[in-house]
Amino acid sequence: MSSPSSDSQAHGPTTKLFAWVWIWLVLITGVEVFLAYKHLPPVTMLLLLIGLSVVKAGLIMSYFMHLRFEKTSLVWTLIPAALFCIGMMTLIFPDGIRLRDSHEAPQGVVQPK
Amino acid sequence: MTDSHADVLRESSWTGGAHPYSIGSKKLGMWLFIVSDTLTFAALLLTYSYCRLTNPNWPKPFPIVPAIVFSTIMTVVLLGSSLTMVMGVAAAHRGNRAATVRWMLATMLGGAIFCGLHATEWMHLIGEGLRPFANPWGGSPLFGATFFGITGLHMTHVAIGVIYLGIVATGFGRGKFSAEDVEVSGLYWHFVDLVWMFVFPMIYLMSVKY
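Going line by line, the protein sequences match chains A and B.
According to the numbering used here, the first sequence is numbered sequentially starting from 1.
According to the numbering used here, the second sequence is numbered sequentially starting from 1.
Don't read these hints as lab results, they were simulated from the structure.
There could be a bad hint or two in this list.
What the hints assert, rightly or not - Under the rule of at most 25 Å between Cα atoms (straight-line distance), these lysine-lysine pairs were calculated in the DSS-like manner:
no. : chain 1 : residue 1 : chain 2 : residue 2
1   : B       : 209       : A       : 38
2   : B       : 176       : B       : 26
3   : B       : 26        : A       : 38
4   : A       : 71        : B       : 26
5   : B       : 209       : B       : 60
6   : A       : 71        : A       : 16
Next comes chain B alone, as it looks inside the complex (with noise of 0.2 Å):
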């Protein structure tokens, strides 16, 4: 498609043009993918959030040295990863194929090592007697299902970001796949550190061990 095509198709937008949006279809159906997932994780966060308030002795138990501190490294290293996303996508939209696929490649370890802490801290709270129908602390049973409800569907939206990233950057540094299909995964993986920027606060900062 030329230069000149695309101008005809964005003035034709909403009569018959080919891209309504001006973007391509890809694009689009990643974007209608979060849409739909973000009212999944909204009924979640929703549902726990009315289950926080309504629930006087829920459980706290996140002191700030360390858990607190803990899930804000992990929050820093995601954030970091977004950056390095985002450079990766700019790369790509350059031509530079080499420069993609480190920027991505880094943003994959990023993607790995929250994963990797994640999991760490899941272990230590099921050591603790965590379970999803019961806390070892006392108060609302519900913390352990909500916990584990939305921090695991997180994390396994992350898991399966780092292996469709991983196939995105394989393809791309082979010449099979375009830089929209890396500004695709992109958009996915913002989503991914857009929904944790509401898991972070909500989850823990609102159950803080004074």
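The following block holds chain A by itself, in its conformation from the complex (with noise of 0.2 Å):
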């Protein structure tokens, strides 16, 4: 007896496999904590991290969680949340530094409008 599940693992990843995704995982993660070495601009720092964390999480889903051998129509599923995500992202983070930036500046150079 097979289930759809079971059927769908039946061509999945190898052990060499998830241990190559580990030790790439744990490498980035070893890149992010050497970038805090780096005193770097906050936005700078977030951008990279932001970056990198997105390639973690495409591997975690990718791999560890058999999305790339799942069926495309899965995948598309998760689009609109991920589109989501990233829209919110490029509404706030320029206000978030529209804001910073107006804060910083001298007085009188920059007026918030």
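Using the supplied hints, reconstruct the complex from the two chains, each of which is provided in its own coordinate frame.
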């Protein structure tokens, strides 16, 4: 007897692949911690860390959560939530940066409208 | 269900087939829960990011040693527990019940260690005077609320995950649960790991004390 789930698992990843994914995740974590030493500006740091975190999330979802070996229709079902998060970031981050810059600017140079 | 039956269901996607995603209802239900929980954490982390960016005097209470080293160890422990979980799922699909239970116990141990380390860190910060609406370092008082809110919700997920895995491991070991149940619990656990991949850099690495 075979369920759809176990059927889709038949051609799944190997132990060696899991180990490699785990090594990459630890290495990227190491890069993130190294960036913390560099004392970068908050905006640069935030964008770099989010970029690396998205890569790690992609690795976890693709291999550990088996999404790469599922039907494409399941992946498409998850896309709206990802688009929503990206849309929120594109709205919120620029406004956050604008407010921060207006706080840091010398008096009389930049007047928030 | 026979293999040929499963093939027919896969071919009949979107035409009234019983499995348009070629996965079971439990697994689909867990994916839908993960989508909803993703939006919850996304809202919290985006709010945190906005507060962090707009406050030039945001507190930076985490020195590289010991706080960042400590939280990096927590990250590696949680990543390790994800590795043991995928090994457990693979063993479950091979039908090896004893190995599955062992891998799941290892995963639970990782989760428990993570919670223990996190609780230790909380107690240290509370000892320094950090509260949800005040912090002892000056600057924005929002730090405590965002820190306790986000890490607390995540730690709750980890604690519930440890209990969930314990129930599934016990049931699978006794033959009451299927390999799909193990896989579904694995999805939850990897999601908890995934959320920490955003919490760790945004909360800790964005507030390093130099």
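Are there hints from earlier that the structure breaks, and if so, what are their numbers? 3
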